[in-house]
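Enquirer: Got chain E; can you put chains F and P on it based on the hints?
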Amino acid sequence: MDSFVSLANGFAVALTPVNLMWGLIGVTLGTFVGVLPGLGPALTIAMLLPITFQVEPTAAFILFAGIYFGAMFGGSTTSILINTPGESATIVTALEGHQMAKRGRGGPALATAAIGSFVAGTLGVVGITLLAPIIVKFALTFAPADYFALMLLAFVTVSAVLGSSMVRGLTALVLGLLIGLVGVDLQTGQARFAFGQMALLDGIDVVIICVGLFAVGETLHLASRYRAGKDEIIPIKGSLWMTKQDWARSWKPWLRGAFIGFPIGAMPAGGAEIPTFLSYFTEKKLSKHQEEFGKGAIEGVAGPEAANNASAAGVFVPLLTLGLPTSATAAIMLSAFQSYGINPGPQLLVSQPDLVWGLIASLYIGNILLLVLNLPLVGLWVQVLKIPTPYLYAGILLFATIGTYGISQSVFDLALLYAIGIVGFFMRRYDFPTSPVIIGMILGPFAEQQFRRAMTISQGDLSVFYTRPISATLITISVLALVVPLVLGLLRNRKPASVST
Amino acid sequence: MSTARNIELLAVALCVIALGVGVVYMTTQIAVPPTYAKVGPTIFPYTVGAALIGLGAFLFRDAFAGSWSCEVNDEEAQKPDLAPMLWVIAGLAINLVLIAYVGFIIASTAMFVLVAKAFGSRRLWLAAIVGFVLALLAYFGFARVLDLRMGSGLIEDLF
Amino acid sequence: MNRRQFLASAGIATVMSALPRFADAQTVKRLEIFVPAAPGGGWDQTARVMDAVMRDAKLIGNSRITNVGGAGGTIGLPQFINQHKGDGNALMTGGMVMIGAIISNKSPVDLTAVTPIARLTGEYLTIVVPAASPLKSMTDLVDALKKDVGAVSWAGGSAGGSDHILAGLVAKAAGVDPIKVSYVAFAGGGEAMAALLGNQVTCGVSGWGEFSEQVAAGNLRVLGISAPERVEGIDAPTIKEQGLDVELLNWRAVFGGPDLSDEQKTNLVDLVTKMDASEKWQSELKTRSWTRLFLAGDEFAKYLEEDTQRIAGILKDLGLA
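Chains E, F and P are the protein sequences, given in the same order. Using the numbering used here, read the first sequence as starting at 145 and increasing by one per residue. Using the numbering used here, read the second sequence as starting at 468 and increasing by one per residue. Using the numbering used here, read the third sequence as starting at 63 and increasing by one per residue.
The set of hints was computed from the structure by calculation and includes no laboratory data. Computed from a predicted model, the values in this text were never measured in an experiment. Where hints are given, some of them may not hold.
With a Cα cut of at most 30 angstroms, we get these calculated BS3-like pairs of lysine-lysine [stated by the list, open to error]:
| no. | chain 1 | residue 1 | chain 2 | residue 2 |
| --- | --- | --- | --- | --- |
| 1 | E | Lys-530 | F | Lys-546 |
| 2 | P | Lys-378 | P | Lys-364 |
| 3 | P | Lys-302 | P | Lys-242 |
| 4 | P | Lys-336 | P | Lys-91 |
| 5 | P | Lys-147 | P | Lys-302 |
| 6 | P | Lys-120 | P | Lys-348 |
| 7 | P | Lys-234 | P | Lys-208 |
| 8 | P | Lys-120 | P | Lys-336 |
| 9 | P | Lys-364 | P | Lys-147 |
| 10 | E | Lys-530 | F | Lys-584 |
| 11 | F | Lys-584 | E | Lys-246 |
| 12 | E | Lys-246 | E | Lys-388 |
| 13 | P | Lys-168 | P | Lys-348 |
| 14 | F | Lys-546 | E | Lys-246 |
| 15 | P | Lys-302 | P | Lys-378 |
| 16 | P | Lys-168 | E | Lys-281 |
| 17 | E | Lys-439 | F | Lys-546 |
| 18 | P | Lys-242 | P | Lys-209 |
To be clear about the criterion: a stretch of chain E counts as covered by chain P if any three or more of its residues have a C-beta under 8 angstroms from a C-beta of chain P, and this derived list gives those stretches [unchecked claim]:
| no. | stretch |
| --- | --- |
| 19 | 206-218 |
| 20 | 240-249 |
| 21 | 326-336 |
| 22 | 397-405 |
| 23 | 597-603 |
| 24 | 614-622 |
Facing chain P, a subset of chain E residues (Cβ under 10 angstroms, in silico) [unchecked claim]:
| no. | residue |
| --- | --- |
| 25 | Gly-307 |
| 26 | Met-310 |
| 27 | Gly-340 |
| 28 | Met-411 |
| 29 | Pro-412 |
| 30 | Ala-474 |
| 31 | Ile-476 |
| 32 | Gln-482 |
| 33 | Ser-483 |
| 34 | Asn-487 |
| 35 | Ser-552 |
| 36 | Gln-593 |
We treat Cβ as the ideally placed atom computed from N, Cα and C, and that holds for glycine.
Bound conformation, chain E alone (with noise of 0.2 angstroms):
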């Protein structure tokens, strides 16, 4: 109960005229950076850090929060209208939101993303004011080992995406993989596949293979077919909103997505990419509209949207209970609370209780502002599909250009961005899968990186994977997730043939 006494304070810090002012500005700041491609939420709070030299602790937290929540959002609405994902979590988004949109059904994917976020977000919050403290305990138990078996669960998820041919899928994953390998090594400190080039040794950025393979790949690719009239997008067709049976399809996802979202976002080395992927997999694999999904199947959507926004809820957990950062943009906020002279930690809650229960208070009054702010944007935001043709490309990649110029001032970023949506383009015309691509390139290292961690707290000996029960039970559901389907596959392909014989 004390928590709730807690939480009113909360409320009652955070509700002034002037905190409810950040917060507006943050969600709406947070949306526009969310829109454009390759600035994300990070990078917009560190430059606004030098704010804390002028307002007070609370208005900062309220104001960046809302930005993070904004940003997630976001991201959403380009993936979904116009293929071009912001950020790499928003990459399964993707996948069915912009098919629903060439369909005409724009209207209801940005609205069942608004209103899964805002769901899952909220259900975060809650998440965070009640079991904090339980989440964090079972997180820490979390060892390398366990993570890479948590690594090879969400492996089994790219059978969800690889298309028609799985050994093109796969050829996409491998590649993936690849790119994931170049710099340096985090153990050893050796370079690989960095072709001697300075700018190669932090890696490539995600979000620059992202934005060239989805943006630059998919502008060349139309402009190869525009003339014969192929893929024409519908602009609106139906209703704008929500349709009986598009709640009625999406209110489970949202809370799976939600359920599968807060715990991993709260991990250490979780992230907000591994939930969307898991949540997609699930939506699929559990779906009455199996034969949709590839075509805009609607839950292919709600599901990793709210999964998406509920790891960013999961985020604040150890922030708030170990002073962990466990996203940039959380190790940006814990500067931030470092300019003011607060240490967050185990005592923050203690120490600073007007703090952390009004950044709590501002999370469930920036999930609302959020909704409040983009439910009535769909009508507008759809509007962007009327953008004439020619405008609408040549702006996409202005906008890549910026995402990708804009922060590093590379020129050789810029030439590896329009590479890569040059290899976008083939990909696309041998029918290659792209978002396995992405998956490869996020999950690789962090399996490459785990795994070897793993082998050298254990000095070698491989029974770590399956004498931990935390490792054991991930790696058996990923087994099962594998074989069980095919199996099933099997069974159901044998009874025509020995029908036919």
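Expert: Just chains F and P now, with coordinates in the frame of chain E:
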């Protein structure tokens, strides 16, 4: 199905195999420091290289057997329309060449016009205005609101 | 030298000597601060706080901060060298980490190309163990290392970074081969701390600031700090007093461009010295718990040279250089 098109797919499969061979070769060049690490920095790269070679072989089989269906051998799909593609590539290239010298705003406006041209825009002067205004707004969003430097350039230095 | 060349160079010399004098009178009108790291990190914050303090004290008129991040500063460094040759109005932030990065990334340029201005702050590193660990002191740790080096796992930042260097120094002082140290590198974002709190590793290395709250809460225990003597406000024994001759300072400093004239250099040293003396800087140090370790001009240049050699040596011992 024409044989010429099949050759294109066979070439793609060979490229994947060649990439795999390249990866394996480059992995042999990675220095393995004589350290504590039980699993060195080369095991994953070798695995990736081997996987690419193996997958390339499967792709080769698919291409050979004609079971690789895509735009290339789809009878209904037209041949790729080269002219608009070249306009887009020209736009990207001009941006790359110019951006370091004249700045983001002018370089990206030039790209905007060429890409608009690729997608059939006839009033290029209008595209130039739209592109310029968009680039200017974007620059200001970055430079002023976020205090990020977008490099210097002819127009950028006026402010 | 013919007559024309002489006149030309004399003319340039006059102009050159006139410029810094002008700048001196006006302090620095427009200061460029170059940060070879992405926004948000330590070097960036140093730049932003310096900027705010110097403006506040009217030491500079106008300023601009540029971030070029990546590869431990080795991507930004060549750019700074190219763009600010002989430029008396530019400073670059940086630190000890850069030395290691330059060596292990085989960077074509190093810190001898730029002009050392001043060391500003620094942080000593601490070695901690989870509260449940049987290790109580550095002596216990040394015993464990001697018994089986491989069984002692160390959590810290990337290989070849300051944390790894300290692990290597401790192993060497303990008489075991640094190459055999089981060092587990974690990316930023608190992963190393999580491994410590979850009792997944034997010990961890990082700056005191990162561990202080967890130590205060009793979740972690400090075995030693890499300072020459006990540090005020930090309740931790030094590694040195426990019989291991190990010291390491993760310092942050500012550098000027290459080929500065003596006057330009003096001017920048003065500027930073004035900033360091200002009240606002002192109060910022306090709120951010940065340890002031001011060392300016030639003294800093000498320190830099010595530290570079020491780090190159230990990286070789670790098998990384």
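Enquirer: Now tell me if each hint is right for this structure.
Expert: Status of each hint after checking the structure:
1. At roughly 27 angstroms between alpha-carbon atoms, Lys-530 of chain E and Lys-546 of chain F fall within 30 angstroms of each other, so this suggested pair holds.
2. Restraint check: the Cα-Cα separation between Lys-378 of chain P and Lys-364 of chain P comes to about 22 angstroms, which is no more than 30 angstroms; the hinted pair holds.
3. A threshold of 30 angstroms between alpha carbons decides the hint, and for Lys-302 of chain P with Lys-242 of chain P the separation of about 22 angstroms falls inside it, so the pair holds.
4. The hinted pair formed by Lys-336 of chain P and Lys-91 of chain P meets the criterion: a straight-line CA distance of about 15 angstroms does not exceed 30 angstroms.
5. Annotation: proposed proximity of Lys-147 of chain P to Lys-302 of chain P is violated, straight-line Cα distance about 41 angstroms (limit 30 angstroms).
6. The straight-line distance between the Cα atoms of Lys-120 of chain P and Lys-348 of chain P is roughly 21 angstroms, inside the 30 angstroms bound, and the hint therefore holds.
7. The hinted pair formed by Lys-234 of chain P and Lys-208 of chain P meets the criterion: a straight-line CA distance of about 11 angstroms does not exceed 30 angstroms.
8. Between Lys-120 of chain P and Lys-336 of chain P the CA atoms are separated by roughly 11 angstroms; this keeps the pair inside 30 angstroms, and the hint holds.
9. Taking the CA atoms of Lys-364 of chain P and Lys-147 of chain P, the gap is about 22 angstroms. The hint holds against a cut of 30 angstroms.
10. Pair hint Lys-530 of chain E plus Lys-584 of chain F holds up; C-alpha atoms about 18 angstroms apart against a cutoff of 30 angstroms.
11. Between Lys-584 of chain F and Lys-246 of chain E, the direct Cα distance comes to roughly 23 angstroms. Compliance with the 30 angstroms bound is thereby established for this hinted pair.
12. Proximity of Lys-246 of chain E to Lys-388 of chain E is assessed by CA-CA distance (about 21 angstroms); at most 30 angstroms being required, the pair is judged to hold.
13. At roughly 37 angstroms between alpha-carbon atoms, Lys-168 of chain P and Lys-348 of chain P are farther apart than 30 angstroms, so this suggested pair is violated.
14. A hinted pair counts as satisfied when its Cα atoms are at most 30 angstroms apart, and Lys-546 of chain F with Lys-246 of chain E qualifies at roughly 23 angstroms.
15. Restraint check for Lys-302 of chain P and Lys-378 of chain P: satisfied, since their Cα atoms lie roughly 23 angstroms apart, inside the 30 angstroms limit.
16. At roughly 42 angstroms between alpha-carbon atoms, Lys-168 of chain P and Lys-281 of chain E are farther apart than 30 angstroms, so this suggested pair is violated.
17. The suggested pairing of Lys-439 of chain E with Lys-546 of chain F holds, with an alpha-carbon distance near 24 angstroms, which does not exceed 30 angstroms.
18. The hinted pair formed by Lys-242 of chain P and Lys-209 of chain P meets the criterion: a straight-line CA distance of about 13 angstroms does not exceed 30 angstroms.
19. Requiring three or more residues with a Cβ within less than 8 angstroms of a Cβ of chain P, the coverage given for the stretch 206-218 of chain E is violated, as only 0 such residues are present.
20. With 0 residues bearing a CB less than 8 angstroms from a CB of chain P, the stretch 240-249 of chain E misses the requirement of three and the coverage assertion fails.
21. Interface restraint, the stretch 326-336 of chain E with chain P: holds (7 residues with C-beta to C-beta distance below 8 angstroms; minimum three).
22. Using a Cβ-Cβ cut-off of 8 angstroms, 0 residues of the stretch 397-405 of chain E lie near chain P, which falls short of the minimum of three, so the contact claim is violated.
23. Figure legend: the stretch 597-603 of chain E, annotated as covered by chain P; annotation consistent (4 residues with Cβ-Cβ distances under 8 angstroms, at least 3 required).
24. A count of 0 residues in the stretch 614-622 of chain E with a Cβ less than 8 angstroms from any Cβ of chain P is obtained; the coverage claim is therefore unmet, three being the minimum.
25. The interface hint given for Gly-307 of chain E is broken, as the beta carbon of that residue sits about 31 angstroms from the closest beta carbon of chain P, more than 10 angstroms.
26. The beta carbon of Met-310 of chain E comes no nearer than 32 angstroms to any beta carbon in chain P, farther than 10 angstroms, and the hint placing it at the interface is violated.
27. Proximity of Gly-340 of chain E to chain P holds as hinted, the smallest CB-CB distance being about 9 angstroms (cut-off 10 angstroms).
28. This hint holds: Met-411 of chain E has a C-beta 8 angstroms from the nearest C-beta of chain P, less than the 10 angstroms allowed.
29. Using the Cβ-Cβ criterion of 10 angstroms, the hint placing Pro-412 of chain E at the interface with chain P is satisfied: the shortest such distance is roughly 4 angstroms.
30. The closest approach between the C-beta of Ala-474 of chain E and any C-beta of chain P is roughly 7 angstroms, which is under the 10 angstroms cut-off, so the hint is satisfied.
31. Proximity of Ile-476 of chain E to chain P holds as hinted, the smallest CB-CB distance being about 4 angstroms (cut-off 10 angstroms).
32. For the restraint placing Gln-482 of chain E at the interface with chain P, the shortest Cβ-Cβ distance is roughly 6 angstroms, inside the 10 angstroms limit, so the hint holds.
33. Satisfaction of the interface hint for Ser-483 of chain E is found here, the shortest Cβ-Cβ separation to chain P being roughly 6 angstroms, below the 10 angstroms cut-off.
34. Taking 10 angstroms as the C-beta cut-off, the interface hint given for Asn-487 of chain E holds, the closest approach to chain P being about 5 angstroms.
35. Annotation: interface hint on Ser-552 of chain E holds; nearest CB of chain P at approximately 7 angstroms, less than 10 angstroms.
36. The restraint placing Gln-593 of chain E at the interface with chain P holds, with a minimum CB-CB distance near 8 angstroms, inside the 10 angstroms limit.
Going through the hint list in order, the structure does not satisfy hints 5, 13, 16, 19, 20, 22, 24, 25, 26.
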